[in-house]
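Residue numbers (our numbering), protein chains in the order written: chain D, 13 to 802; chain C, 18 to 98.
A couple of the hints might just be wrong.
[Unchecked claim] Here are the simulated lysine-lysine pairs, DSBU-like style, with alpha carbons at most 30 angstroms apart:
hint: 1; chain 1: D; residue 1: K192; chain 2: C; residue 2: K86
hint: 2; chain 1: D; residue 1: K236; chain 2: D; residue 2: K601
hint: 3; chain 1: D; residue 1: K58; chain 2: D; residue 2: K180
hint: 4; chain 1: D; residue 1: K737; chain 2: C; residue 2: K24
hint: 5; chain 1: D; residue 1: K630; chain 2: C; residue 2: K24
hint: 6; chain 1: D; residue 1: K138; chain 2: C; residue 2: K65
hint: 7; chain 1: C; residue 1: K65; chain 2: D; residue 2: K286
hint: 8; chain 1: C; residue 1: K65; chain 2: D; residue 2: K259
hint: 9; chain 1: C; residue 1: K41; chain 2: D; residue 2: K438
hint: 10; chain 1: D; residue 1: K216; chain 2: D; residue 2: K238
hint: 11; chain 1: D; residue 1: K301; chain 2: D; residue 2: K192
hint: 12; chain 1: D; residue 1: K438; chain 2: D; residue 2: K235
hint: 13; chain 1: D; residue 1: K189; chain 2: C; residue 2: K41
hint: 14; chain 1: D; residue 1: K772; chain 2: D; residue 2: K737
hint: 15; chain 1: D; residue 1: K301; chain 2: C; residue 2: K65
hint: 16; chain 1: D; residue 1: K171; chain 2: D; residue 2: K235
hint: 17; chain 1: D; residue 1: K235; chain 2: C; residue 2: K65
hint: 18; chain 1: C; residue 1: K24; chain 2: D; residue 2: K259
hint: 19; chain 1: D; residue 1: K598; chain 2: D; residue 2: K638
hint: 20; chain 1: C; residue 1: K41; chain 2: D; residue 2: K259
hint: 21; chain 1: D; residue 1: K192; chain 2: C; residue 2: K39
hint: 22; chain 1: D; residue 1: K192; chain 2: C; residue 2: K65
[As the list claims (entries may be wrong)] Covered stretches of chain D (in silico footprint by chain C; criterion: 3 or more residues with CB under 8 angstroms from a CB of chain C, positions within the stretch not fixed):
hint: 23; region: 107-113
hint: 24; region: 265-273
Hints are computed from structural coordinates only; laboratory data are not their basis.
Using N, Cα and C, we set each Cβ at its ideal position, and we do this for glycine too.
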Amino acid sequence: MADQTYTLCIAGNPNSGKTTLFNALTGAKQHVGNWPGVTVEKKEGKVEYNGLEFNIIDLPGIYSLTAYSLEEVVTRDFILKERPHVVINIVDATNLERNLYLTTQLLELGVPLILALNMMDEAEKKGFKIKLSTLEKLLGVPVIPMVASKGAGTDELLKKVQEILEGKIRVAPRTPKYRKEIESAIQNIERALISRLPETFIEKYPPRWLALKLLEQDEEIIKKCKKRVEEDSLFTIVDREIQRITKILGDDPETLIADQRYGFASGAFREAVKITIKDRISMTDQIDKVLTSRILGIPFFILIIWGSFQLTFTLGEIPMHWIEAGFNLLGDLFAQWITLPWLRSLVVDGIIGGVGSVLVFLPNILILFLIIALLEDTGYMARAAFISDRVMHFFGLHGKSFIPMVIGFGCNVPAVMATRVLENNKDRVITILVVTLMSCSARLPIYVLFAGAFFPKHAGNVVFSIYLLGIVLAIIMARIFRVVLFPGESAPFVMELPPYRLPTFKGLMIHMWDRGAMYVQKAGTVILAGSMIIWFLSSYPTNPSLTENYNRLLQQEAARHKGVLSRIAQSVNVPPEQLPSYLPFKSYKKIMDSFREESTERVKKQCSLGDLIQKRDKTLTEIEAKFPGTLPLFRSYQSEMARHQRIVEELSAKMAAEKSANSYAGRLGRFVSPILQPLGFDWRNTIALISGLVAKEIVVGTMGVIYQVGEARNESKKLMESLRKHMTPLTAYVFMVFSLIYLPCIATIGVIRRELNSWKWTLFSASYTTVLAWIVSFIFFQGGRLIGLG
Amino acid sequence: MGSNNLKPLSELLPGERGIIRKMKVRGPIRRRLMDMGFVSGTPVELEKEAPLGDPVDILVKGCHVSIRKDEAQNVLIEVTS
């Protein structure tokens, strides 16, 4: 057993193979979470090597150590505060010059560093001859060549780490020397810092580095220093130095420092690398000639997006049905085992139903994340953003917002999760806020029902208009949010178009599984709790005071039915429970049934029924002749059975309707119903909308319960009739509009909470959609009335 | 060489090359561009425009970087070929 765990971290540019190296080192033993307080993903994994135990942290991909993005701040804070034993800087050897810019800044932190030179095979193909020893000498740190995607070089890397930890090698990072004027400014500020800042702070943040950052006007570091230095003299010194440099050198220190870092990086590059082949047209350029070309770029883009959408939802539908069937089976099993009614309802409807409603999305989410991983790892995601940015920018969004928006048409839950591709948090917030306006497939049954009932001739156009309304609203709201919520913030679009690469199978699988597991664990808890609350609201109180005692009415009906049956039974001299198996009755029934079957066939074929009727009557009278007097008795038996069934169904439907109207959810519906009255909705509509909070599919089912037609499949015609009695085409359309916009389902809310890590934004999303739904519905309803509709 | 020889990066034609001479971009995006290699003295090439005309794909220090024309307008170039 190792007696100490050493911390290693991997830092590097995006697309340099950071995560590939991390996966190669840790295998499946990893844990994905978030950095405390921010939504930047944090990956940790463990590996044992030669008796040493390492805790490896995969830092976010960054280009620099400024305070431009959260990722950069997270990275440098981690390195400086947590002081990992060794920092592994992975660089893309095919792109060494630009990658060395970050290396230069890591060297300036003065921490033990190893340079992992990744993709050596590709670099060689590209004609790069890299002299490792020269590079080691120039940078002052060990350099390990590797091909992370094949696992080559990982042993050498860990061996080097061990040698550093055991003190066999000393790492002495070399840093750029700046121009005379800047160096003297650094020294002046350094002196000022050492005399003013507490020692504990200086221990963490090297003073030379702090001085550089102050010259660069780094907001984070200025804030940190201001907190610890009371007098302003430090900043007077900094300002004076900045002004002096700007005056002498004609540019601000920030630019000059960046220039010299690049000078250092490209100097090292030129000395250590020999390029043997010149200007070879790369594979990437050839692929891009097609995929981002003026003519074929957009068709390919649409094809790929359409394919992703189709795969996610059509392929996902198959296991979705299995999961649904599985949970139904489980529910039935538990329904049989548990005798206590409230416990049965809690377990079957609340828990199994709730968990089921979360897990049915899992296949979609896994497939979606596999596709997203594929698009990202191959490099197409950046091209998709490149192509769609023109349009999305016009809407106040980002090129990368396009994919979540499209996925939103399938289901908002994976759409919200897909916004992870956006690096900028503001873009992410806005995209998540408007993505719920993309009409998901769960809302479609509502449109189908209402459009079918009220606009049978134009159903397609009506449904399409609702989808269109969602898109238009998303565009308008995105622009409003951009201006109102994040005023004055430019939404920059500076994005690398990385070379196309073949992703590794392992990487794809890990990527897919991480996200899927996170969905089940974290979102599951919120969604489950939400579903149980809604279950409670809609099934309690269990014994509300109803206008009529339905149970007694049902008992009375049962008694009446029994009486009638026993009278018939007496006449034929058999016990009542044996009536169905009483021979003549059985024969009559068989004849009637087969007549019904055959006659419907005939009617379909539009043939005459004459001979069928004759045949039936003949066989009936034959049996009647054998058992005299039984035919009239059978007829009254048949009509009694039908009557009984009708009465029981009617009473149960009425009872269910009243119960749901009197449940807490129903009372809530009645209570808030006045708010929705200006939109033309009655309490029935309100209850249906409230039930839709769990999942919008439920709205139709609830409508069925309230209008006392039950939920059975063949009842939709009946439901449409009842709807036509209670609503006008105008209110029906407004109802569809409201269903489109208002609060997304519990599952989406749970995922928004989890993804934005903020209750504030979650509540905002829930409330703005509902308010917007009210306003838009109000305009439609009152406007429609004004022009004489409804 | 006067500054009237300089041309905004956004006005380069696809395939045209030049050297960055002046970064007029301000705000946080200036830092971002610098981190991606946009510093004066660096050779750049406008690879292509996106199918809808914006953004543009710039080859800088061996990397393809996509930026909007709004930003490219404030990067001044001395055209070399």
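These are the hints, each one checked on the structure:
Restraint check for K192 of chain D and K86 of chain C: the C-alpha separation of about 37 angstroms exceeds 30 angstroms, so the hint is violated. For the hint pairing K236 of chain D with K601 of chain D, the CA-to-CA distance comes to about 90 angstroms; that exceeds 30 angstroms, so the pair is violated. Note on K58 of chain D and K180 of chain D: the hinted pairing holds, with a Cα-Cα distance of about 24 angstroms set against a maximum of 30 angstroms. For the suggested pair K737 of chain D and K24 of chain C, the alpha carbons sit about 70 angstroms apart, so the restraint of at most 30 angstroms is broken.
Using a Cα cut-off of 30 angstroms, the hinted pair K630 of chain D and K24 of chain C is violated, with the two alpha carbons roughly 102 angstroms apart. Under the criterion of a C-alpha separation no larger than 30 angstroms, the hint pairing K138 of chain D with K65 of chain C is consistent with the structure, at around 22 angstroms. Simply put, K65 of chain C and K286 of chain D have alpha-carbon atoms about 28 angstroms apart, close enough for the 30 angstroms limit, and the pair holds. The straight-line distance between the Cα atoms of K65 of chain C and K259 of chain D is roughly 38 angstroms, outside the 30 angstroms bound, and the hint therefore fails.
The suggested pairing of K41 of chain C with K438 of chain D holds, with an alpha-carbon distance near 25 angstroms, which does not exceed 30 angstroms. Taking the CA atoms of K216 of chain D and K238 of chain D, the gap is about 16 angstroms. The hint holds against a cut of 30 angstroms. Between K301 of chain D and K192 of chain D the CA atoms are separated by roughly 47 angstroms; this puts the pair beyond 30 angstroms, and the hint is violated. Among the hinted pairs, K438 of chain D with K235 of chain D is consistent with the structure: their alpha-carbon atoms are about 22 angstroms apart, no more than 30 angstroms.
Restraint check for K189 of chain D and K41 of chain C: the C-alpha separation of about 26 angstroms stays at or below 30 angstroms, so the hint holds. Between K772 of chain D and K737 of chain D the alpha-carbon distance is near 42 angstroms, which puts this suggested pair outside the 30 angstroms criterion. A C-alpha spacing of about 10 angstroms is found between K301 of chain D and K65 of chain C, which places the hinted pair at or below 30 angstroms, so the restraint holds. Straight-line distance between C-alpha atoms of K171 of chain D and K235 of chain D comes to about 40 angstroms, which puts the hinted pair past the 30 angstroms bound.
Of the pairs offered as hints, the one joining K235 of chain D and K65 of chain C is violated, with about 41 angstroms between alpha carbons and a cut-off of 30 angstroms exceeded. Using a Cα cut-off of 30 angstroms, the hinted pair K24 of chain C and K259 of chain D holds, with the two alpha carbons roughly 26 angstroms apart. Our distance criterion of 30 angstroms between C-alpha atoms is met by K598 of chain D and K638 of chain D, whose separation comes to about 14 angstroms. Proximity of K41 of chain C to K259 of chain D is assessed by CA-CA distance (about 18 angstroms); at most 30 angstroms being required, the pair is judged to hold.
A C-alpha spacing of about 23 angstroms is found between K192 of chain D and K39 of chain C, which places the hinted pair at or below 30 angstroms, so the restraint holds. Annotation: proposed proximity of K192 of chain D to K65 of chain C is violated, straight-line Cα distance about 41 angstroms (limit 30 angstroms). Only residues whose C-beta sits within less than 8 angstroms of a C-beta in chain C count toward coverage, and the region 107-113 of chain D has 4 of them, enough to reach three; the restraint holds. Here the region 265-273 of chain D counts 4 residues with a CB under 8 angstroms from a CB of chain C, which clears the bar of 3, and the coverage holds.
Comparing the model with each earlier hint shows violations of hints 1, 2, 4, 5, 8, 11, 14, 16, 17 and 22; every other hint is respected.
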